[in-house]
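Respectively, the protein sequence lines represent chains A, B and C.
Position 58, counted from 1, in the first sequence is what the working numbering calls 58; the numbers after and before it change by one each time, with no gaps.
Position 33, counted from 1, in the second sequence is what the working numbering calls 33; the numbers after and before it change by one each time, with no gaps.
Position 359, counted from 1, in the third sequence is what the working numbering calls 359; the numbers after and before it change by one each time, with no gaps.
Please note that a few of the clues may not be correct.
[Said to hold, decoys possible] FRET-style restraints, in silico, Cβ to Cβ:
| id | chain 1 | residue 1 | chain 2 | residue 2 | range |
| --- | --- | --- | --- | --- | --- |
| 1 | C | S324 | A | T91 | 37 to 43 Å |
| 2 | C | L644 | A | F107 | 27 to 33 Å |
| 3 | A | I120 | C | G269 | 33 to 39 Å |
| 4 | B | H208 | C | G276 | 18 to 24 Å |
| 5 | A | F135 | C | G269 | 23 to 29 Å |
| 6 | C | G350 | A | W79 | 18 to 24 Å |
| 7 | A | L124 | C | L626 | 36 to 42 Å |
| 8 | C | Y643 | B | I157 | 26 to 32 Å |
| 9 | C | L499 | B | A150 | 50 to 56 Å |
| 10 | C | G350 | A | P109 | 25 to 31 Å |
| 11 | C | P192 | A | F135 | 30 to 36 Å |
| 12 | C | S351 | A | S66 | 41 to 47 Å |
| 13 | C | E649 | B | I119 | 52 to 58 Å |
| 14 | C | G276 | A | T91 | 39 to 45 Å |
[As the list claims (entries may be wrong)] Restricting the straight-line Cα-Cα distance to at most 20 Å, the calculated cross-link-like pairs of lysine-lysine (PhoX-like) are:
| id | chain 1 | residue 1 | chain 2 | residue 2 |
| --- | --- | --- | --- | --- |
| 15 | C | K317 | C | K387 |
| 16 | C | K577 | C | K317 |
| 17 | C | K657 | C | K64 |
| 18 | A | K49 | B | K96 |
| 19 | C | K657 | C | K65 |
| 20 | A | K51 | B | K96 |
[Said to hold, decoys possible] Computed list of chain B residues with no C-beta within reach of chain A, every gap over 12 Å:
| id | residue |
| --- | --- |
| 21 | T48 |
| 22 | V102 |
| 23 | A109 |
| 24 | L117 |
| 25 | L127 |
Since the hints were made in silico from the structure, they are not lab data.
For every residue, glycine included, the Cβ atom is placed at its ideal position computed from N, Cα and C.
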Amino acid sequence: MLSGSLFLQLFIYLEPYTPNTMNAKYHHLTKPVPTPSSVLISEHQPPAKFKHYVIGFVSSLILTVSAYLITVNHAGNKWLLFIILAVLALTQFIVQLFFFLHVGREFPPRFKLMLTAFMILVVLILVGGSLWIMFNLNGRVMPSTRQMEKYMNSQDNL
Amino acid sequence: MSSLQVSNSALAKSRRQIEQSEKEGNALFGFWVYLMSDCVLFASLFATFVVLRNNTFGGPSGAQLFNLPYVLLETIVLLTSSFTNGLALLSAQRRKLQQTLVWLGVTFALGVTFLTLEISEFHKFALLGDSWHRSGFLSAYYTLVGTHGAHITIGLIWMAVMAVYIVKRGLNNPLVLKRIRMLSLFWHFLDVVWIFIFTIVYLFGALHA
Amino acid sequence: MRAGYLIFSGLLGKLSLKQLPHDPLTIFGASLMVAVPIVIAIILTLTKRWKWLYREWLTTQDHKKIGMMYIIVAVAMGLRGLSDVILIRAQQSLASGNSHGILSSSHFQQIVSAHGTIMIFFVAMGLMFGIINLIVPLQIGSRDVAFPFLNATGFWLFFSGMVLVNVSLLIGDFSATGWLAYPPLSELKYSPTVGVDYWIWSLEIAGIGSLMAGINFIVTILKNRVKGMKLMLMPLFSWSVLGSMSLVVFAFPILTVALTLLALDRTFGMHFFTAGGGGNMMMYVNLIWAWGHPEVYILVLSAFGVYSEIVSVFSRKRLFGYSSMVYAIWAIVVLSFIVWLHHFFTMGAGSDVNAFFGIMTMIIAVPTGVKLFNWLFTMYRGKLSLKTPMLWFIAFVVVFTIGGMAGVIMAVPPLDFQFHNSLFLVAHFHMMIVSGVLFGYFAAITYWFPKFFGFKLNERLGKYAFWSWLIGFLLAFVPLYILGFMGATRRLDHYSASLGWQPLFIVAAVGVGFIILGVTFQFLQLIVSIWQRNRELSGRDPWSGRTLEWSLPTPPPIYNFARLPEVSTRDAFWAAKVAGLSDDRPYQAIEIPRNTPLAMVIAAGAFCFGFAFVWHIWWLAVLGLLIVIVTIIYRSMDEHPTYLLSAREVELLDKSKFAKDAVS
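Here chain A stands alone, though its shape is the one from the complex (with noise of 0.2 Å):
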């Protein structure tokens, strides 16, 4: 049912090697052995290790149960709490984004890390941005209880 965005990732799965990175093969055959800083183009990253997925799920782990436990007892100021629990899903993003999805650990170009950045750049203007102009608008066609209470209350007193 919804939309068949989903499938995308199944599609590039499908892709067959493309005829540029066999022509790349053909390549060192007639050419003198390619110098690695030419070559690395297309490579992409050093092989990912079992002790950075241990450190990603035990630090991802540390920050789910701690997140989990400071809103349950309701510890302190309720927007305190707001920034610290973004804070840990920021901290638990940018670990699993390190550890567990490798980003930053590509060699140059760094294309995959440029990427992310744009992205969370689009993310942030399309949120913040939709966020900032909802909340204005709804603060001035909207008014919440809070706001209607106080009014209210102010009339009382005339």
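With chain A fixed as given, assemble chains B and C onto it according to the hints.
Positioned in the frame of chain A, the structure of chains B and C alone reads:
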């Protein structure tokens, strides 16, 4: 003399590696582009959810509805599956067929568990009369969490096909390895999205009470 | 008997014979819709071309053929969009005072919505992806796109979306809620027919196709460049496409979400944008424009790339300010994500929000201005040759500047309260999109046509077409600025005679007459050029081009480059010509993707899925989904998706091509 031989064989080896990784490079990068665009898809859903969060229209709010220990269980199941999925990739890279299949199987089982937990939660809410018809907040909740669930479903189908594929062709085929890497990217990505669902939908929702 | 009928009609969802068209105009349109495929089928059968069509075109994975199919579809849809224009202009020039024109008001709204939807999604996008497919791999010295199967699937999804829009003419109706279908009007309560559903699902399917194309070209450009072509040596068209495709990848998911949420509201009774139930309709407007504004730049950036190539070639100079052009592209890419609120200044946000987005909108005019000046400086002291592509460019500079300045006026929020949803706005965005996009693609087609067919388009008829278009275009839209000032709003199906608007509407209608003349000249140009093709054989390099595509034989062979060129400067082909061409390196074997109908099958599944959701035929939706999934899995099991052309075969093919070129 011996050092010369070493460097020659090292050269041949590195060339083989380079060829192989060139083949993987394009498709993996393309898949990453897709994942980034999917992040924007989820971001739009998150923005919509946050905007509609208080529009309960007389229905239940998140704090009244959610059972946090249950959600923590879901989260840990998914996180563990992300880890075992990483182990499957590591085994595949070491060409250990049996081990790869076992870890993939564990990941699959954990994924199915997660999905079952999620669906039974939805079912429970719906039985209480709190389906998506109820309010803007619930529409946004079911859609955001459900989109993640739909991705998980596709990941599970993919994993099943992958297992057949591994058995049929073995792990010495670079195409197979490439696809295992893509699958693992996809699965880790879904875990990353869940961090935000866990925090924004459930934890923030509980705080709003 | 009755039970059997009930089961049968249950299987068809909301579909019934009542949904066939009733009024004469729609019947005419619908029968045309049916007649065209039938005529094509008869011609194919008579000439025994079915097999040829299937083998050479429908199943192809060759980006050049896919590009041509995109353009053919876009041109056909352009004719449909143009016939909508004729009806709109006829209605508006007649429906004043006691006359109610030729259309009912709901029919008029459908036509306006169809015009906008078709022109943006199926004409502008189609032309853009067509030209990108044809040119980008050739320009960057690549033998293929990164993902040929994904590319073909993207095209066929685009095709499915197009078919779905046209089916709405035949069964049911189309959305009457404008090209972006704002709720709550587009919600089930106020638009109970299937029109909006058709709109949603055709855009959803075509949009996913666009996303696929976007991913494909980002990877193609970043990873498949020929050795030596560093990013900063890349032709500017490819740079622009990279910027434009980055926007596709990051903006189209937002469209997918907005459409899906609206569909969930309509189909499953959710409350995202409903007036009651805790929905928030302004969130839809917010989301759709968060996609919609980048979309404008998706279209315009690619056309900017075309202009960059053309100006440099027809001024016989290298492009002025290459690096500033590249930075301008990326400034536009980023800024285009930060201006979307200017489409709804009037919705009631505070002055802080409005001011921020107003200022951002003015800032985005700066990199655009940088590009304009760079083109003008390229022309300065160049050896200009005013061929048709260059004429389109010069018209673009003038019209785009006028339209752009109108845009800066509207970027001031208090002024926008005056112009919002007026014909002033309509005139503004047509001036931007027609000059900035359509003229660019006309220029591109004229410019690159000889590369693929071996002869130039007739220059004289091209100039007639150009002048008819330009005069018609100005006649059609300058009155709309004035009407906008006078208070005429968009999508107006009737107005009072005392307003005195009718003369201006009639002038606009006359303008459309000239545009039709221009389109006629364009078709004549094509026919005459084919007729006299032996008179103007063009060889490989008819315009003395600068970029790699002109180094290829005409038409380019399936593998594009028999031997990959070596690149060390910008304008690589120009440099090679100056240095003298000779290449005696040995040939290599080349791997080529096999033809496959599976891309078409996937798109057919997607079509069934979309059609089923329009009419609530649930078994068909499941079937469509299954077709898609099973086809994908089946394809993934294919062990031999490519075949190898041996070095010897490549050599023979290449030498025969060379001989042919030498003769011409």
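Outcome of the hint check:
A beta carbon spacing of about 40 Å between C:S324 and A:T91 agrees with the range 37 to 43 Å that was offered as a hint. C:L644 and A:F107 have their C-beta atoms about 30 Å apart, which keeps the hinted 27 to 33 Å range intact. Take A:I120 and C:G269: their Cβ atoms lie about 35 Å apart, and the range 33 to 39 Å holds. The beta-carbon spacing between B:H208 and C:G276, approximately 23 Å, falls within the hinted interval of 18 to 24 Å.
Our hint of 23 to 29 Å for A:F135 and C:G269 holds, since their Cβ atoms are close to 27 Å apart. Distance hint check for C:G350 and A:W79: the Cβ-Cβ separation is about 23 Å, which falls inside the suggested range of 18 to 24 Å. At roughly 39 Å, the beta-carbon separation of A:L124 and C:L626 lies within the given 36 to 42 Å, and the hint holds. Checking the proposed 26 to 32 Å range against C:Y643 and B:I157 shows it holds: the Cβ atoms sit about 30 Å from each other.
Our hint of 50 to 56 Å for C:L499 and B:A150 holds, since their Cβ atoms are close to 52 Å apart. The hinted range of 25 to 31 Å is not satisfied by C:G350 and A:P109, whose Cβ atoms lie roughly 43 Å apart. Taking 30 to 36 Å as the suggested C-beta distance range, the pair C:P192 and A:F135 conforms, at roughly 33 Å. Checked against the given bound of 41 to 47 Å, the beta carbons of C:S351 and A:S66, roughly 42 Å apart, stay inside it.
At roughly 55 Å, the beta-carbon separation of C:E649 and B:I119 lies within the given 52 to 58 Å, and the hint holds. Taking the beta carbon of each, C:G276 and A:T91 are about 41 Å apart, inside 39 to 45 Å as hinted. This hinted pair checks out: C:K317 and C:K387 have alpha carbons roughly 16 Å apart, not beyond 20 Å. A threshold of 20 Å between alpha carbons decides the hint, and for C:K577 with C:K317 the separation of about 14 Å falls inside it, so the pair holds.
Between the alpha carbons of C:K657 and C:K64 the distance comes to roughly 17 Å, so the proposed pair stays at or under 20 Å and holds. Taking the CA atoms of A:K49 and B:K96, the gap is about 15 Å. The hint holds against a cut of 20 Å. Restraint check: the Cα-Cα separation between C:K657 and C:K65 comes to about 18 Å, which is no more than 20 Å; the hinted pair holds. Distance hint between A:K51 and B:K96 is fulfilled; the C-alpha atoms sit about 18 Å from each other, no more than 20 Å.
Some Cβ of chain A comes within 12 Å of the Cβ of B:T48; the nearest lies about 8 Å off, and the non-interface call is violated. A cut-off of 12 Å between C-beta atoms confirms that B:V102 is not in contact with chain A; the least separation is 15 Å. Listed as a non-interface residue, B:A109 keeps its Cβ farther than 12 Å from every Cβ of chain A; the least gap is roughly 17 Å. At the 12 Å boundary, the C-beta of B:L117 stays outside the reach of chain A, the nearest C-beta of that chain being 15 Å off.
For B:L127, the non-interface assignment is confirmed: its Cβ lies about 21 Å from the closest Cβ of chain A, beyond the 12 Å cut-off.
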